[in-house]
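Colleague: Using the sequences and the hints given, assemble the complete structure.
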Amino acid sequence: MDKRAELGEFLRSRRARLRPEDVGLTHYGGRRRVPGLRREELAQLAGVSVAYYTRLEQGQSQNASDAVLDAIARALNLDEGERAYLHGLARPTPTARRRPRPERVRPGVRLMIESFGNVPAMVIGRRTDALAWNPMAHALLAGHLDVEAPERPADRPNMARLLFLDSHTRELYADWRKKARDAVAYLRLAAGRYPDDPALTALVGELAMKSPEFAALWSAHPVGDCMHNTREYRHPLVGALTLSEEVLPLPDDQGQRIMVWNAEPDSPSAAALRLLADLTSAFGGSELSRGSGLRRPLGSAPRTR
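Numbering of the sequence shown is given in our numbering, commencing with residue 34 and proceeding in unit increments.
Hints were generated in silico from the structure; no laboratory data involved.
These numbers come from a predicted model, not from an experiment.
Beta carbons: idealized from backbone N, C-alpha and C, even for Gly.
Errors might be hidden in some of the hints.
[As the list claims (entries may be wrong)] Beta-carbon label-pair distances, calculated as ranges:
| no. | residue 1 | residue 2 | range |
| --- | --- | --- | --- |
| 1 | Val280 | Ser46 | 22 to 28 Å |
| 2 | Ser300 | Arg185 | 34 to 40 Å |
| 3 | Pro231 | Ala273 | 36 to 42 Å |
| 4 | Leu58 | Val280 | 35 to 41 Å |
| 5 | Ser46 | Pro298 | 41 to 47 Å |
| 6 | Ser46 | Ala304 | 41 to 47 Å |
| 7 | Arg50 | Pro135 | 46 to 52 Å |
| 8 | Asn110 | Val83 | 18 to 24 Å |
| 9 | Ser300 | Val56 | 55 to 61 Å |
| 10 | Arg50 | Val280 | 23 to 29 Å |
[Stated by the list, open to error] Heads up, simulated DSSO-like pairs for lysine-lysine below, C-alpha to C-alpha not over 30 Å straight-line:
| no. | residue 1 | residue 2 |
| --- | --- | --- |
| 11 | Lys36 | Lys243 |
| 12 | Lys211 | Lys243 |
| 13 | Lys211 | Lys36 |
Modeller: Printed below as a string of structure tokens:
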């Protein structure tokens, strides 16, 4: 990722979404040649010179202080995720690019998600690779894949790639567009945090080439990290579920997070999760991934040839 070009695009996108009246400036009417705030208006709000801000937006200044960046972030009404992204883009790029090692899950973390029993839980890496999952998370999100795939670094499922390029995963989310936007917002944030990660850059490039929807979302510059949510699923075995999604960062494992899904007690979704647990226990992850006759909502009629 060209951080200087990305910085300019990000700042322009955030200027474009603001009107003068949104930030307390007087608008005297008339046609504006550009949408949103002008450079001179933003510079005035941030307390910097127009020339300095212009150089920053054009990628010609790589030494902006934290105080200046914070002032620009306040002027643009950036949230915490966008503010962190701005700081990451403005930092000088490391000169040495080391080949990243495959991410590994600590044994204690693996034991933790396995101990969750019938609660779906998985460990996701900084590039959204599935590093480990318990049987319930596999059955919920990727029962059509090999349950042991996360154990093989070369074959690890990537959740962003599945979301945009895998039809099963696309059909799983009732509000696919919301999930897709959240995924792109996280990848934007990760790209700012790890600009020297060639595997992350390659993933973004692949998705931009293969998915017009990803390319359109990426160009809109969403930035953020959704740490909790409630989503609706359309599972091929147990039907509709509404689940809360919690994301728990692992401070000692750079970029790794635990994701956990729960249903409201005594709800239809809780019953559906129990049914999925029974099916997983009875047939096992390997059987589910073979695409057996169970690949339809339970209770539906079998397909006839």
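Colleague: Which earlier hints turn out false for this structure, listed by number in ascending order?
Modeller: The structure conflicts with hints 7 and 9, although it agrees with all the remaining ones.
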